[in-house]
Structure formats: structure tokens, C-alpha cells
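Dock chain to chain to rebuild the complex, using the hints, since each chain is given by itself in its own frame.
Going down the list, the protein sequences come from chains A and B. End of the first sequence = 182 in our numbering, gap-free, step of one. End of the second sequence = 181 in our numbering, gap-free, step of one.
No lab work stands behind these hints, which were simulated from the structure alone. One should not assume that every hint holds.
[What the hints assert, rightly or not] Computed from the model, here is a short list of chain A residues facing chain B with C-beta under 7 Å:
| id | residue |
| --- | --- |
| 1 | Ile106 |
| 2 | Met125 |
| 3 | Phe129 |
| 4 | Gly138 |
| 5 | Ser171 |
| 6 | Ile178 |
Just so it is clear, CB atoms sit at the ideal spot from N, CA and C, and this is done for glycine as well.
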Amino acid sequence: MSVQTFDAPRSGAQTASINWGPYLVGAGIGVLSWIVFVVVANPIGITTSMAQIAGGVIAPVVGADTVAQNAYWKTNLMKLDYGTLFLVGTFLGALASALVSRSFRIETVPSVWRERFGDSVTKRMIYAFIGGALAMYGARMAGGCTSGNGISQGLQLAVVGWTFLAVMFASGLVTTFILFRK
Amino acid sequence: MFPVSGNTALVLAVVFGAAFGWLLHRGKVTDYNTIVNQFRLRDFTVLKVMLTAIIVGGVGVLVLVNLGAAKFHVRDANMLGTIIGAAIFGVGMVLYGYCPGTGFAAIATGSVHALVGAFGMLAGAAAYAFSFAWVRDNILSVWKLGKVTLTDVSGVPPLAIFAILALVAAGLFYTVEKMRA
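If we strip away everything but chain B, and leave its shape as in the complex, we get (with noise of 0.2 Å):
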């Protein structure tokens, strides 16, 4: 039965996309002040949200792959482009204030400076098209590690690293909130 495709997944497509755009909306972090005022260290919702996705989501995905009615999707990690691209990546990130899918949920919230970012980022992909051709050859070439895991790599089983970042996420928020008390 699953996965679907065709049409139903086209519609779901939508019916998904809504659930992301309405949860980042109530999530705060369709505001330019939450994300910037995050990387101020001032407001620790970012590092909430994407912490608490990333564990709640990883146990659930896990299961679902052991219980064979899901599989991974891990991407190459191509070193090289991954730590320039996420440099890259920082930096317009502060500059805009929200990262692309914020900032594009953003513009229906009515913020106009992240439709502004918006040409910016089709200006960015068009830019990115017309060097692909030397960044393929010159900089994802380097440092290829394939579709590797933190397991693969360190030997340490899953369930025992998002236990591991469960626990760092509840002492930091735990000290930060302390902090601001």
C-alpha cells in the first residue's frame, strides 16, 4: 500500500506541506527576531524546535525501518562542499534572517523583506546552476564519504546517540532557562 504515488501523492504533497508551514508558524520561527535573536544566543526556540524534530522524529523513523514499513534516505556526505556549503549557508542565514523554508513560509505571514529573500534565493540557485558544472568537479569530489551514518562511523548503536542528544538537549535548555530565571 505505502509508499503512494501518482496523484495521491501529489495531493499529499500539499496536505503535508501545510502541516510543515502551519507548525513553523506556531512554532515561532517564521520571525525574522526568533531566528536572529537564536544566533544572539537570546532565544533558544530554533535549537527546541529542530532538537526536539530530530530526536521525536529519529526514534519514530527508526522503528518504522525496523519494522520494515519504511527505509533511509541518507544523502552522500560529500565533506568538502557539505562544510563550505554550510559556512556558505550561515552566513545567509543571519544576513536574510530565516533559513528558505521559514523564509518562504514567512511571505504568507505578510513579511515582506523574506519575499524579498525569496528573489534572492532564485538568484542564488541560478547562480549555483551556473557553477554546478566546476563545483561538482572541484569541490564535491573531494572528501566523499558516501551515505554514511554517526554509526557508521563511530560504531555507536542509534538508539544510544539520540539518547545521548536527548540528554544534551534537556541540560542546555534546562542551564538556559535557569540562566534567564
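Just chain A, same shape as in the assembly (with noise of 0.2 Å):
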């Protein structure tokens, strides 16, 4: 089967363009965390205020009640605090950096999912939901997601953050081999 390119407009010069290359990258958020440890004591973290979110926004369906004695919101309460900011803040860095590159890019299905099953749009957008799903929920039982616990609890060389790097890394593996395999 031939290699067919679909993400033109990410290739090329203009990928060069954006991109700083990932030991860079990986040094800047490094750096990054040396200044929120001493100047804000608040490791990067991701899931936390996404599940406070999903309280709020979940409570109109199930009732503010429900959301208020429930044991896991009842200590996670959606408020506007260090973390949800941070995620507002984490939109509108990503969000700069594409339309300074001039890289913003409406897509659908992208190219590796296109060689593997198509374009059917409605399929790629089941398995995004889905998968959305599996992974908060697999983040909020391992503590953490990429971010909280593999970046910001393996500098600190946490038994829980390379736990889950393990982890997680074989059990992507397996599911690509799964999901890939000719």
C-alpha cells in the first residue's frame, strides 16, 4: 500500500517553521517546572480541574444536589482556581503558537487514522469520544495523567509517576499493535 500525505499544509518548510525540536521542548517545560515548584508550589497537572469541570457542567443533568454529595465532587468542587487557570492559560499558549506559525488548522480525521480506517469523520469522532473517556477515567484512578503524574511526579522520581509511565507506555503499545495490525 502506498503512503499517501494528507496533512500537506503541516509538512515541509512550514513544519520546520513550528517546530523547536523535542529536546528543546522537553528542556522548556523542564524549566517551566523549576519556576511553578518554587514560585507557585503547584506542579503541572492537567485532570484535577478538568474532573472539577465536569462537576460543573454535568450538575444542570444530574441535579446540583446530586454533584454537591457526591464523594468524589464533594472535595473537588468546580471553582476558578491555580489549576483551572492554568488550563485556560495551556488553550491560549497552544492557540498563540498555532496562529503566530500560522499553523491553525480545522481537522477532522487525521492523516494516520485516514491510512489505517478512512474518512468517515463520525467513526474517528466515536473513538475520540471514547477513547476522552477511557483516559480521564484512567488518569483520576492512576492519580494523574501524562502531565501530573508521568512528567511532574517522574522529575521527582515518584514510585506512582513511573508507574504509570510504564504502564501506560506497554499498555499503548499493545493497543496500537491491536489496533494497527495488518
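Right under this line is the structure:
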């Protein structure tokens, strides 16, 4: 099977212009970690705040009382706190980078997915939804995601972070092997 | 003076978050293809970013803690929950093609499936909240090690671990680049 390129807008010179290289970006995230550990004593993390927001979003559906009495949300209320504003910042930073580099682009079916599973937008969206749900459920049970657990706990050499990294990577490899085998 | 709190911290949250989002995009990890190709072992960008962040961040934070400028924030290792959770996470990350942070950032770069997956994340969070009491009593309570580090369990000093990690990472990425060339 010939490999087709569907992501022309991101290939070639343009890709090079937005690409700082993984080592520079990794070092940048490392230095950002120094800063947040000292200045706000709040390591980088994503899913704690997202889970709090989920409680706020779902309150109109299941009732505010149900959320308020829930064993998890009781101690993880939605509020405009550091973590939630960090998420707002993450969105704005990625948006700024995409706009400045002129690489903002509407994408419904990414090329690697398309090569394996075809053009169906519906199919891609269903898998994205299920994948997002599983990733969030797993992250909450594990105590954090790639950022909060993998990087922030990993850089402290915490057992929780390295256990997460090892198992997550192994699970991802197996899943990919099953999904992408010919 | 540090750590700051109140409104100063809230303003800085947006600034630090923006730096993080900018870096994720510049590192190409807001791209579905980059993430999935890592798990297909065709593109090692994700591991390069993560291991560099861990080594650079870890050595720096270690120094800052020793200088008294920062504290560690090590979380509890509830091993059963971490193992099951990470296994579920790995499946989800491959199907979604993003992790929660990169997926959220990818929405801002125009990825519609990242947005749909973010609604999935809200649903997953709700499912976790509704099952939390059971998970806490039956999974998180099993094999609890507390706030332990690799140094605590192995006796190997942190700097030695970072040195080993750097050597392994350098060897891995050198080999990968060589095989490609």
C-alpha cells in the first residue's frame, strides 16, 4: 500500500518553522517545572481541574445536589482556582502558537488514522470520544495523566509517576499493535 | 516571597499555562500523528519531550529543594489504582490520539476530534466521580506504598538515577536515529 500524505499544510518547510525540536521543548517544560515548583508550589497538571469542571458541567443534568453530595466532587468542587486557570492558559498558549506560526487548521480525520481506518468522520469522532473518556477515567484512578503523573511526579522520581509511565506505555503499545496490525 | 498566593498566583496560572500550551504545540505533541506514531515506534518525539522534561526538570527541582527554595510534591503510590488506571489510560490515549493536556491544547490548534474527545473526557470524569466511592474502597486501598520515590525503594541516590536515565535516553535516541539513517 502506498503511503499517502493528507496533511500537506503541516509538511515541509512549514512544519520546520513551528517545530522547535523535542529536546528544546522538553527542556522548556523542565525549566517551567523549576519555576512552578518555586513560584506557586503547584506542579503542572491537567486532569484534576478537568474533573472539577466536569462536576460543574454535569450539575444541570443530574442536579446540583447530586454533584454536591458526590463522594468525589464533594472535595473537588469546580472553582476558578490555579489549576482551572492553568488550563485556560494552556488553551491560549497553544492557540497563540498556532496563530503566530499560521498552522491553525481544522482537522477532523488525521492522516495516520485515515490511512488505517478511512475517511469516516463519524467513526473518528466516536473513537475520539471513547478514547477521551477512558483516558480521563484512567488518569483519575492513577492519580494523574501524562503531565501531572508522568512528568511532574516522574521528575520527582516518585514511584507513582514511574509506575504510571511504564504501564501506560506498555498498554499503549499493545493497543496500537492490535489497532494497526494488518 | 515565594510561593505566591491569591490573585498573583491566579494571574501566573494563565501565564504558566500559556507557556505550557505554547511548548506543547511547538513540540508537535498537539498533533494526533505524533502521539500515535510514538506508540507505533515510528516517531520518538513524545519520549524525547517527556524524558528531556523529566531529566532537566528533575535535576533542577532537586537542586532547588536542596537550596530550600522549593518543596517536593510527591503523591501517594496507590499501586493497584495506578496500574489499572495507567492501563486504561494507555488504551484511551491511543484511541483519542492525545493525552488530556495535549488534547485540550490541540482543540486550540483546530482539531475537531480533540474537541469531541474532550467531551469524552468530561464523561469519563463524571463516570469516575460516580464510581469513586467504590474505587476508593476497593482499588485505591490496595497496595498502598505512600509518598515514596525510586530512591526510597532502591537506595540509589537521585542524581545517579538521573544519570542512568540520561544515558539510557541518549542510547535509545541515538540507536533510533541511526536505524532511521
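Verification of the hints:
The criterion of a C-beta within 7 Å of any C-beta in chain B is met by Ile106 (chain A), whose closest approach is roughly 5 Å, and the hint holds. A least Cβ separation of about 5 Å between Met125 (chain A) and chain B falls short of the 7 Å threshold, and the interface hint therefore holds. At its closest, the beta carbon of Phe129 (chain A) sits 4 Å from a beta carbon of chain B; the interface hint therefore holds under the 7 Å criterion. A distance limit of 7 Å between C-beta atoms decides the matter here; for Gly138 (chain A) the minimum to chain B is near 3 Å, and the interface restraint holds.
Because the closest C-beta pair between Ser171 (chain A) and chain B is about 3 Å apart, less than 7 Å, the hint holds. Here the hint on Ile178 (chain A) is broken, as its CB sits about 9 Å from the closest CB of chain B, past 7 Å.
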